[in-house]
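Peer 1: Next come the chains, spelled out residue by residue.
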Amino acid sequence: TQLLEQSPQFLSIQEGENLTVYCNSSSVFSSLQWYRQEPGEGPVLLVTVVTGGEVKKLKRLTFQFGDARKDSSLHITAAQPGDTGLYLCAGASGGSYIPTFGRGTSLIVHP
Amino acid sequence: ETGVTQSPTHLIKTRGQQVTLRCSSQSGHNTVSWYQQALGQGPQFIFQYYREEENGRGNFPPRFSGLQFPNYSSELNVNALELDDSALYLCASSFGTSTYNEQFFGPGTRLTVL
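From first to last, the protein sequence lines are chains A and B.
If you want the working numbering, it's the 1-based position in the first sequence plus 108.
Read in the working numbering, the second sequence has 59 at position 64, and its numbers run on one by one without any break.
Simulated from the structure, these hints should not be mistaken for lab results.
Glycine included, C-beta positions come from ideal geometry on N, C-alpha and C.
Accuracy of the hints is not assured; some may be wrong.
What the hints assert, rightly or not - Restraint-style ranges between C-beta atoms, simulated for each label pair: (1) ASN74(B) x LEU111(A): 35 to 41 Å; (2) SER93(B) x GLY148(A): 24 to 30 Å; (3) PHE64(B) x GLY190(A): 34 to 40 Å; (4) LYS164(A) x THR107(B): 35 to 41 Å; (5) THR185(A) x ASN72(B): 20 to 26 Å; (6) THR(-3)(B) x TYR130(A): 20 to 26 Å; (7) GLN188(A) x ARG46(B): 27 to 33 Å; (8) GLY190(A) x GLN36(B): 44 to 50 Å; (9) THR159(A) x ILE7(B): 45 to 51 Å; (10) ILE7(B) x LEU153(A): 27 to 33 Å.
Stated by the list, open to error - Here are a few chain A residues that face chain B, going by a calculated C-beta distance under 8 Å: (11) ALA200; (12) ILE206; (13) PRO219.
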């Protein structure tokens, strides 16, 4: 069974601060996705990374896939209250269509 | 373009009962996946339907079953409900079965089993 460990589990910060959340596994993934889920909603895809060492930027969000494709990080610069939500990572191996989700990092950004 | 919709929004059942949850996929999508998200957990894959056939299954017992219809909408049926079945049930639609294809999630059905 592939496991994805996310840390920290909870994060409460002030508007304008920077933060990094992590997604780690002992398994190699062929692709890894980051989602944000808001209360009462389903997860929304933010990014998919597929190449070891890959870095992708989405406005103030920077995603990195580890060289060995076992881990990933999400960095948010100058966090805003609208960034509040549950950040989930999900990995898949080979041609699998079955993604494994982590437990998520719950982020609250205070104005 | 209509997004993924799920019904009902909330549901309360008692142990031993049966429940059917419904999902309408996004226009143009032929694949529906169902997930269970317990409180404080990430979504867990239940199964996937592609062109009306089950295309893969996670670690869930046979009392979890599903259907996909010709219009690609889908149902999740759970028999003999247990307290641990209380969760948010999410469906996600995509075009194709690969994890490289973006999945669009519905808002979920919150099931409470008493």
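Peer 1: Against this structure, judge whether each hint is valid.
Peer 2: Each hint tested on the structure:
A beta carbon spacing of about 29 Å between ASN74(B) and LEU111(A) contradicts the range 35 to 41 Å that was offered as a hint. Distance hint check: the CB atoms of SER93(B) and GLY148(A) are about 29 Å apart, consistent with the given range 24 to 30 Å. Separated by about 37 Å at the C-beta atoms, PHE64(B) and GLY190(A) satisfy the suggested range of 34 to 40 Å. Against the hinted window of 35 to 41 Å, the Cβ-Cβ separation of LYS164(A) and THR107(B) comes to about 38 Å, which satisfies the hint.
Under the hint 20 to 26 Å, the C-beta atoms of THR185(A) and ASN72(B), about 45 Å apart, miss the expected range. One distance hint, 20 to 26 Å for the beta-carbon pair THR(-3)(B) and TYR130(A), is violated here, with the actual separation near 36 Å. In this structure, GLN188(A) and ARG46(B) break the distance hint of 27 to 33 Å, their C-beta atoms being roughly 42 Å apart. For the pair GLY190(A) and GLN36(B), the beta carbons lie near 24 Å from each other, so the given range of 44 to 50 Å is not met.
Checked against the hint of 45 to 51 Å, the C-beta distance between THR159(A) and ILE7(B) comes to roughly 46 Å, which is consistent with it. One distance hint, 27 to 33 Å for the beta-carbon pair ILE7(B) and LEU153(A), holds here, with the actual separation near 31 Å. At its closest, the beta carbon of ALA200(A) sits 4 Å from a beta carbon of chain B; the interface hint therefore holds under the 8 Å criterion. Interface hint status for ILE206(A): upheld, as the beta-carbon distance to the closest one in chain B is roughly 5 Å, under 8 Å.
Using the Cβ-Cβ criterion of 8 Å, the hint placing PRO219(A) at the interface with chain B is not satisfied: the shortest such distance is roughly 25 Å.
When the structure is compared with the earlier hints, violations turn up for hints 1, 5, 6, 7, 8, 13 and for no others.
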